[in-house]
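Chains as they are written, first to last, in the working numbering: chain A, 285 to 742; chain B, -7 to 736; chain C, 158 to 482.
One or more of the hints may lead you astray.
[Stated by the list, open to error] Pairs of lysine-lysine, BS3-like flavour, derived with a Cα cap of 27 Å:
id, chain 1, residue 1, chain 2, residue 2
1, C, 378, A, 625
2, C, 244, B, 148
3, C, 219, B, 564
4, C, 212, B, 205
5, B, 492, A, 416
6, B, 81, B, 92
7, B, 543, B, 512
8, B, 652, B, 485
9, B, 216, C, 244
10, C, 244, B, 155
11, C, 219, B, 223
12, B, 284, C, 244
13, C, 302, B, 715
14, A, 416, B, 539
15, B, 284, B, 136
16, B, 212, C, 219
17, C, 219, B, 277
18, B, 223, C, 244
19, C, 212, B, 194
20, C, 244, B, 212
21, B, 715, C, 387
22, C, 212, B, 564
Because the hints were derived from the structure by calculation, they are not lab data.
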Amino acid sequence: MIIDGITPVFLWTDLMIWFLFALLIIGVVQIRKDQQKAQQWRSVFESKTAIAAALVLLFYFMVALADSIHFKVDPKQTAVNKTMISGLDMLFSHLSENSERTYSAPFALNEYSSSVVFTESGDVAQEYLPLKHVIQDLNGDSTLLYVLQQSSWAMMISLILLVVFMVFHGYQKFKALAHSKNRDSSKSLPWGTFYLTLFSISFIMGWLYILSFDFHVLGTNKVGEDVFYQSLKSIRTGVIIGGLTTLVMLPLALALGISAGYFKGWIDDVIQYLYTTLNSIPGVLLIAAAVLVMQSIMTTNADWFGSNEERADMRLLFLIFILGMTSWTGLCRLLRAETLKISQIEYVTAAKAFGLKPITIIRRHIYPNLVHLILIALVLDFSGLVLAEAVLSYVGVGVDPITPSWGNMINQARLEMAREPMVWWSLFSAFCFMFILVLAANLFADRVQWVLNPKNEK
Amino acid sequence: MIHRFSGLFKQTAKRAIGLVAFSLFLIVNISQASNWNSPYSDDKLDHQVYYTSFSSPPKHLDPVISYNSNEWTFLSQIYEPPLQYHYLKRPYSLEPLTLKSLPRIRYFDKAGSEVSADADVAYSEYLFELKDGVRYQPHPAFVKQGELFKYHKLSKDQLKSIKTVNDFKMTATRALVAEDYIYAIKRMALRQNHSPIFDSMKPYIVGFDEFSKQVTQAFKDQIKVESSNSKLSYFPLRDYALEGAEALDDRRFKIIINGVYPQFLYWLTMNFFAPIPWEVDKFYKQQGLIEKNITLDTSPVGTGPYYLAENNPNQRMRLVVNPNHHQEFYPTDGLAENASPELLNDAGKKLPFIKEVVYSLEKESVPLWNKFLQGYYDASGVSSDSFDQAISISTGGNMELTEQMLEKDIQFLAQVQPTIFYFGFNMADPVVGGYSEKQQKLRQAISIALNTEEYISIFLNGRGEPAQGPIPPGLFGYQEGEQGINPYVYEWKKGRAQRKSIEQAKQLLTEAGYPNGRTKQGEPLTIHYDSLDSGPDSQSMLNWYRKQFAKLGINLVIRSSDYNRFQDKVRKAKVQTFSWGWNADYPDPENFLFLLYGGNAAIHTDGGGVNGANYDNPEFNRLFEKMKTMPNGEKRLKVINQMLDIVRKDAPWSWGFNPKALALYHSWLKNVWPNALANNTIKYKRIDMEVRDQQRINWNQPVIWPLVIVLLLLLISIWPLTKAYRARQNTIISSNKTEAGGQQ
Amino acid sequence: MFAYIVRRLLFAIPILIGVNLITFALFFMVNTPDDMARAQLGAKQTTPEMIQAWKEDRGYDKPLFINLQASGHGTITQTLFVQESVKLFSFDFGQSDSGRQISADIYERMWPSLAIALPTFIIGLVTNIAIALLIVLFRGSTLDKVTMAVAVAIMSVSGLFYIIAGQVLFSKMWHWVPISGYAEGLDGFRFLILPVLIGVFAGIGAGTRWYRSIFLEEINKDYVRTARAKGLSEIKVLFGHVLQNGLLPILTGVVVVIPTLFMGSLIMESFFGIPGLGSYTIDAIRSQDFGIVKAMVFLGSVLYIIGLILTDISYTYFDPRVKLS
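So here's chain A without its partners, still in its complex pose (with noise of 0.2 Å):
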């Protein structure tokens, strides 16, 4: 364990990931403020996948956040080649400080491929080399027992987990049942669903945790590096991709929407000008030109970056603000458009008769009546960006490759597909960690857009 001698750093996507917690945050404490608002947001979890998705999502924002406090390490204190770590690489020591050779089979106990050996007498064999970092004296028991005792812990800390939450919960309750006579009459949310969700949630994740001491649970890759560990480190990656891209463009599209929308004449028309331009550029061509550019920056000025993390961060960076440059147009004229209408309602062009600033009828009447817009659009791009991500890897202008992703998982993995036999494990725990957040980012936004969507309102 490196624990002395290190200070925090901040990169520039750790600092934009807290700050969209930070929103979040916000965001909740102000729902729960407003009556209707917090109705609404209540009938959003009232949805079993909602509430299942919701808890997804919320496990895989908590990974990315976990690997979004970095720590510099001082080098005196350590021989590791890493000039930081994050919160996630602690609790994964075990697995970023000691890696094996080359493949290796989930579970296995030898590399996936045999390797020439000299032997002491100076003769040569074909053998399957013993991996170094996995447990090898099982006590002659079987890895099948070995692994369901282990299992029998996972299953405890599990239950006490969802015990303790149970526990919680029951409390607010009855809290709650003192306090107020009149409890709403509304549907009660289905808890039944969240404990189950996160019952699975924590005995998977407890399970891979405990396993991944003595195991590499789902493989080693080409260089040795433990897959497990590597999925779960893409998170970061996707989540980041997934919900700052809107996010950073939002500002932008705002600004020239409503603009467009409100002021009409000269400005809509230098607007829509500028995204028509923009959105008729094919969209991965204009993508990669924009990331050459970024590299060829980046190349010149290398020396803006004391290490590899760093730069690989800034390309991130960069590439977020890139694909967002791509997306705002669509937002940009749906803002527009509603804008628009929302200007020839009554009470805005009564506002404007009174002689109200723009800005003043902005704040109070058209942008109120844009957010749901704005949520959705978050929620829908999310799952897009994150596979897109993946493709643009695949083209060559994604993410650093020194940055893990599934993108580059997938990348690697198109080659070890022709293998024989196939090496899967790496496809595999790309598609599964990446299926499941695509997956409850599809099915939460659904249920958002179905309950924010005024035309929808019964």
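Chain A is fixed; fit chains B and C onto it per the hints.
Same frame as chain A, but now just chains B and C:
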């Protein structure tokens, strides 16, 4: 109403089944292909066809500009330079291709009188005499109508039906003349042709530079006058004389070289020196043809065993045997020591055996490998990821085919290539560069820590040999065994070279002034590494490099960039460490040692030089100049050994490795022998067609059961669907019940 | 109508100029003409003389936006930007940096792109509408719920997985179709069937959900209720009214993509080795061939604008209430 719909439904179902059956029928029968999964439209042929692949579309097929092995795989089958490498002999040796014999060389001093080679030579004269009966492939450019060329001024009408150069109704040929070789050399001098070797040849061929300036300017003026461009305008090169290269008559020509340049003969095996008929050059300079991408750059014309019958660089290239090819026979001698005697089975027979070559574009390694296993490619290199499947290493340390490969009767050949991939230090850098003992030790320590053996085993699956110095195996100056090892990185123990231990590296590092990899300030030493950022493998490779440096406590910061940027940085000496490689042009140690010659350093040549490490040791430079023109022999070996001692100690490169080429091929392909320097080897190969046809059918039987199951499932699901459909049809849903979107 | 189209086309000119500006600015921020020359000459030793000769030959020796050496309006017109843009507007794409005629290449590679994009588009459209109609017919039932769940699942998988799995299963293990490649004419069927099926399948999730919501919206409209109240059977309502009226928003929605089908599918083409415009573009980006990149960006923008105009026209065609002004 109801009945009509259900009837319709049934009918549709029937039709659907019929359609599926019909399309299956179509798949199998429409094409001439033997199997469902055959990637060829027509593979039931009665003449010998060789199927192979190419990995990237050839950009240039004009021999004056093409300098790329991808393009040479085609060009070398089509064009014939004066010399070639003997197919079987090792070490590599030259033999005449279109000549009667090897050129006769005479040496002259300043006064112009003939002297011996080791005297003070001012000029060397090479005299070439052509073989009889060498003729070009049939081509429209040669067609004459009376005195004039029929197709040199094409009308719109004539152009209408032309899509490729092979669409012309009439073709003709003509005999090869000495002037064609001279014409090719003159084309190099024309800057507008962008010859990549002109600047290397400039100092050697007498009067080449002045000639180039003269014709380039003349051509520029001509373009301006015609307000045309260099692609369209024909420049009469024959009207300008070049002192160092001239045709004596139709059969003989001579080239005059400044001083002595023994390596010049090797250049004469390259396509740059292949003959170009002026008629062809002129023919292609027509607007109507250029618009259709029919130029000398896309449609070559040569005297070789094949001509280009189909040119679709994004899909397929097809070569067909040249009916005018001259008499050429399979070699009868020169079998290398370890070669199979079967290679001489065809000795003395007329070449070529294969009548047609089909190249398919295969950018990804996955489909390439699978198609090879399915028998659709006759030969394949092995990518690192398919290696376990194909080759295993036996207890004797030798490579052997795996069971699965043996079952298919697949053959293989392995050979170390005359190529080096090295890890370079920028000698002009204050930290990793420099010639003091401390600085040498830092580089030596890193060289030990960079475990090349591990790199080869992980990323190349053993397909490489750690290099002991700049000269790869198979070239003069390379020494095997104990006297050939690099004593700064390896020790000779138990009969093999073993890498020194990491402790020894740490010791060296301490002596270099970085105990435990720390600088005087106690910070870890940080070194920058520039790399190419490409390919899915790059991430693991970069991590591997970091791990190697971490062993010494050194922090490696990686800056990856695209190839342009990378090259730019090396050129401007803005790198600290970097990886690069070099492929032999010709089998002479000079071609590798000049990578370390101070005169070629990037910093001294304004980025033009090939010495990216900027190594500049006066003693080494002096020896290099001496070694350059020496004939192979004891004396030369001694000088080379001295040079090797110097560079090994200075360690401007961590020597990296020499890759092994591994050729896998099916049993029906005969006369396969790896020749890293010759590209025109298809003419020697032969195919047993019957075996191939049979195996292709055996190996590609489609697995039908999943198809049957899917069809059955579809059929079964029709019944409940129809039923539900009928039920639904009759119900009239009250309008309020419906709910849009959203889950419960 | 005619006047409208002319006006829209005129409006396209400033957009295309803007597009060109962006392309030029982005590209030359990364590459100097020297880089391009080196990439193309690709020799082991590239000398300054070679680079200079190449730039002169290809016209890259002019300054990018402003030529201070020229006089008068030559400062603007004697530049790379103006010279090249003028050529583009007359659809003269010139030669690629490697020296091939771009128009000829585009014409040749357009067909494979269409051969894969068009069937994927049409079969996808028909399949999606069919499935959407089917589940609208069975709306509220288990079939509806299951299909919707499957649709979300299909949507949530990266397209790369479908391609990798499809190739391993159908080509490598079962020998049904060639693993990659392309042939012209009817024989191309064998090569296209797998990419088309994968393309259709990957699109089922999003497509079905979208069309379903359109049909459901339609089904709740007053005229449908009236029709139902008249006692028309569900089938008749569905085919007679819902499908017909639902097709309008669907068709106007997809019209915009039809011209861009020419551009081909980047990923599909490079995985399956189909020599179309998609792989042409991606190769050009990878080798940084400016000639091709600028031509393809320009072409893509033109096609996009055509798509927009077509959308507007289709609105008036299908819905007489909308008038173009």
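Results of checking the hints against the structure:
{"no.": "1", "hint": "C:378 with A:625", "verdict": "holds, 22 Å"}
{"no.": "2", "hint": "C:244 with B:148", "verdict": "holds, 23 Å"}
{"no.": "3", "hint": "C:219 with B:564", "verdict": "holds, 24 Å"}
{"no.": "4", "hint": "C:212 with B:205", "verdict": "holds, 17 Å"}
{"no.": "5", "hint": "B:492 with A:416", "verdict": "holds, 23 Å"}
{"no.": "6", "hint": "B:81 with B:92", "verdict": "holds, 20 Å"}
{"no.": "7", "hint": "B:543 with B:512", "verdict": "holds, 19 Å"}
{"no.": "8", "hint": "B:652 with B:485", "verdict": "holds, 24 Å"}
{"no.": "9", "hint": "B:216 with C:244", "verdict": "holds, 20 Å"}
{"no.": "10", "hint": "C:244 with B:155", "verdict": "holds, 25 Å"}
{"no.": "11", "hint": "C:219 with B:223", "verdict": "holds, 19 Å"}
{"no.": "12", "hint": "B:284 with C:244", "verdict": "holds, 18 Å"}
{"no.": "13", "hint": "C:302 with B:715", "verdict": "holds, 19 Å"}
{"no.": "14", "hint": "A:416 with B:539", "verdict": "holds, 16 Å"}
{"no.": "15", "hint": "B:284 with B:136", "verdict": "holds, 23 Å"}
{"no.": "16", "hint": "B:212 with C:219", "verdict": "holds, 17 Å"}
{"no.": "17", "hint": "C:219 with B:277", "verdict": "holds, 26 Å"}
{"no.": "18", "hint": "B:223 with C:244", "verdict": "holds, 18 Å"}
{"no.": "19", "hint": "C:212 with B:194", "verdict": "holds, 21 Å"}
{"no.": "20", "hint": "C:244 with B:212", "verdict": "holds, 23 Å"}
{"no.": "21", "hint": "B:715 with C:387", "verdict": "holds, 25 Å"}
{"no.": "22", "hint": "C:212 with B:564", "verdict": "holds, 21 Å"}
Every hint from the earlier list agrees with this structure, and none is contradicted.
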